[in-house]
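Chemist: Respectively, the protein sequence lines represent chains A and B.
Per my numbering: the first sequence = residues 1 to 342.
Per my numbering: the second sequence = residues 1001 to 1342.
Don't take every hint at face value.
Not the full set, but computed from the structure, chain A residues with beta-carbon under 8 angstroms of chain B [said to hold, decoys possible]:
1) K203
2) P206
3) N208
4) R216
5) L259
6) L268
7) N274
Here are the simulated lysine-lysine pairs, DSSO-like style, with alpha carbons at most 27 angstroms apart [said to hold, decoys possible]:
8) B:K1081 - A:K269
9) B:K1273 - A:K262
10) B:K1081 - A:K270
11) A:K203 - A:K153
12) B:K1270 - B:K1322
13) B:K1122 - B:K1139
14) A:K189 - B:K1081
FYI, nobody ran anything at the bench for these hints, they're computed from the structure.
Everything numeric in this text was worked out from a predicted model, so none of it was measured.
By construction, the Cβ of each residue, glycine as well, lies at the ideal position given by its N, Cα and C atoms.
2 protein chains.
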Amino acid sequence: MNVVVDIYGGDYAPEEIIAGCIDAIRKNEGFDVVMVGKEDEIRTILKRYPIEEYLNRIQIVNASDVITNDDVPTVAIRNKKDSSLVVALDRAKSDDQCMGLVSAGSTGAVLTGAFLKIGRIKGIQRPALAPVLPTVNDKNVVLIDCGANVDCKANMLAQFALMGTAYAKSMLGVKSPRVGLLCNGTEDKKGNALCHETFALLKELPINFVGNMEAREILSGDYDVVVCDGFWGNVALKSIEGTVGTIMTMLKKEMMTSLRSKIAASMLKKNFKNLAKKIDYTKGGGAPFLGVEKVVIKSHGNSKACTICGSIMQVVNMYRSKLIENLKNELNAGVAAGSSQD
Amino acid sequence: MNVVVDIYGGDYAPEEIIAGCIDAIRKNEGFDVVMVGKEDEIRTILKRYPIEEYLNRIQIVNASDVITNDDVPTVAIRNKKDSSLVVALDRAKSDDQCMGLVSAGSTGAVLTGAFLKIGRIKGIQRPALAPVLPTVNDKNVVLIDCGANVDCKANMLAQFALMGTAYAKSMLGVKSPRVGLLCNGTEDKKGNALCHETFALLKELPINFVGNMEAREILSGDYDVVVCDGFWGNVALKSIEGTVGTIMTMLKKEMMTSLRSKIAASMLKKNFKNLAKKIDYTKGGGAPFLGVEKVVIKSHGNSKACTICGSIMQVVNMYRSKLIENLKNELNAGVAAGSSQD
């Protein structure tokens, strides 16, 4: 079995992506890595590593072109047929031995490409991006959708709820995931038109829907899955990211105000590091793109080796946990309960 | 001149609201406070304070009923005619000497009440809630709308941009406020249908519109005004609030992990307090409800005395800065440039 990696996606491609692949196969067993990108460059970089014993677990597939953030996703996927991303997607689609794909490239291109090239699970209207965030009580919450789809319809959100539930069951080990609908208040009647319509659908699904919830509660640990339109989810996710950054900067500044605070801060170096690690959800891997026929992990654009390694292991774990089968089962249960399809 | 205060709105009403009123008149000159609520109770509480010299600056208006968070706003405003909020709104509307109103009561009731009782500025379709948040570089940003309106239309957002601009000019002293449109990306073509339509309108307005922006940048200091639908704004604001709370809790937990960290943390007590104060935007006062004919400040439900005092002084300062006139001028300039009206 293998994991396909887009070596030329991401701010630190190709060096850090390759380093991440090597990390993953050095530390873990039972899979190969298929590196997709400029073969000559990849071979040159690989020579820097003393990895003879692992070379039989590395395959290289040549792709001479690169999709950038400046490319229009749909156009790039159609026209840049020899880009690392498109070649990687084609390989993931056609290879029975492929567990899934990792890319740190343009989010739009990865999602569009996965949608067009790998294809949706039967019955899924729109696949969704579903990052897992750490909660205040050291648990996790799945935020679905976080930006793959804007202007969603209620039945799309209902499918997000089913996929999020399957994900939390399979990957987070939650028996009966508590699903909240992101809203501007907790009362049943709160929300905009899409909330109202979605609320009614979620109540009918065979999931543990616990009602409307406010963005303030996303990280509270009271929810395992938060369902939202991709636009709101993007606003929530990036508000959280921005606030983390802002507070850490303010904290650093505050620590520099006196000799006393500087000394105390130096005593806390390790603790601040722990904290930063805990709240940076991008360090451990990427966000799964749920609803396509293979496991696809979108790693953050600024991924370094350890994140890529984490993303590769996410693919391996999701494959081994039979995530895609579980998603299909959850969807079928939803359909049986009356969830609408396309 | 006077400021009308709803003494029975908020989690800590009436004690902390009264304490806040007293704080405000003790520390500042040039205005009276009109306390609206259960007169007997207010008089009993006032007796606890040695404030004889200030009594001539306190008026009490009796109102025997209270609107709670469980009330449906529109119904409560119509039916609870003798509630502290409705009586306060009526007084603010009819009193020429009234600079504005403060309430820490149910957000829905305060906004609905201000809309129905005080009335909109001519030409304004929907007033908007516009809290001011601290940025990472110790400046401020106005987030408009933050929850007064869901399912907005593009021309409503255009008016938010004009009101936000007027506010940043008058109250934050920014000469040419940089206005961003909250979006899921920075490129011109990013966003949902409402973003696209709004983008086109904002480009035509006589404001300093700098384009689409991501939620990650709200606190960056790169924007003075962030324009959004009230639903997204609510998601952004509460995501920020929730993240602040989460990080502070995680930080505290981390500080308790060893003797070393406990000692260091005790040395940093003052610094942590400074930080908490800087990032808690609700401490200094409330959020203005822009677009109605008087200054209305919605103070946070959990407001204690110092926040109520801050909210009262916001009313005084906004009145003295001629905020309402400036809003009207900005709107007229927008209309002249082709902004749509109702």
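Chemist: Should the hint that A:P206 touches chain B count as held when the rule is a Cβ pair under 8 angstroms?
Modeler: With Cβ-Cβ at 27 angstroms, over 8 angstroms, it is violated.
Chemist: Is the interface hint satisfied for A:K203? The criterion is a beta-carbon contact with chain B at less than 8 angstroms.
Modeler: With a closest approach of 20 angstroms, the A:K203 hint is violated.
Chemist: Hint validation: A:N274 versus chain B, beta carbon distance must be below 8 angstroms. Holds or violated?
Modeler: OK, holds: A:N274 within 8 angstroms of chain B, min 6 angstroms.
Chemist: Does the interface hint hold: is A:L259 within less than 8 angstroms of chain B, judged Cβ to Cβ?
Modeler: At about 11 angstroms, which exceeds the 8 angstroms cut-off, the nearest Cβ of chain B leaves the hint on A:L259 violated.
Chemist: Hint check: B:K1081 vs A:K269, CA-CA at most 27 angstroms. Holds or violated?
Modeler: 58 angstroms, violated
Chemist: Has the given pair, A:K189 with B:K1081, been kept, meaning a C-alpha gap of at most 27 angstroms?
Modeler: Holds, at roughly 24 angstroms.
Chemist: Given the hinted pair B:K1270 and B:K1322, is their Cα-Cα distance within 27 angstroms?
Modeler: 37 angstroms, violated
Chemist: Would the hint on A:N208 be counted as holding, given a Cβ-Cβ threshold of 8 angstroms to chain B?
Modeler: Violated. Min distance 21 angstroms.
Chemist: Under 8 angstroms is the threshold here; is the Cβ of A:L268 close enough to any Cβ of chain B for the hint to stand?
Modeler: 5 angstroms, holds
Chemist: Is B:K1081 close enough to A:K270, meaning Cα to Cα at most 27 angstroms?
Modeler: Judged against 27 angstroms, a Cα distance of about 59 angstroms means the pair is violated.
Chemist: For a C-alpha distance cap of 27 angstroms, please report whether A:K203 and A:K153 respect it.
Modeler: Distance of about 16 angstroms is within 27 angstroms: holds.
Chemist: For the hint on A:R216, just tell me whether its beta-carbon gets within less than 8 angstroms of chain B.
Modeler: Holds - the Cβ of A:R216 comes within 8 angstroms of chain B, reaching about 4 angstroms at its closest.
In summary, the structure is inconsistent with hints 1, 2, 3, 5, 8, 10, 12 and 13 from the numbered list given earlier, while agreeing with the others.
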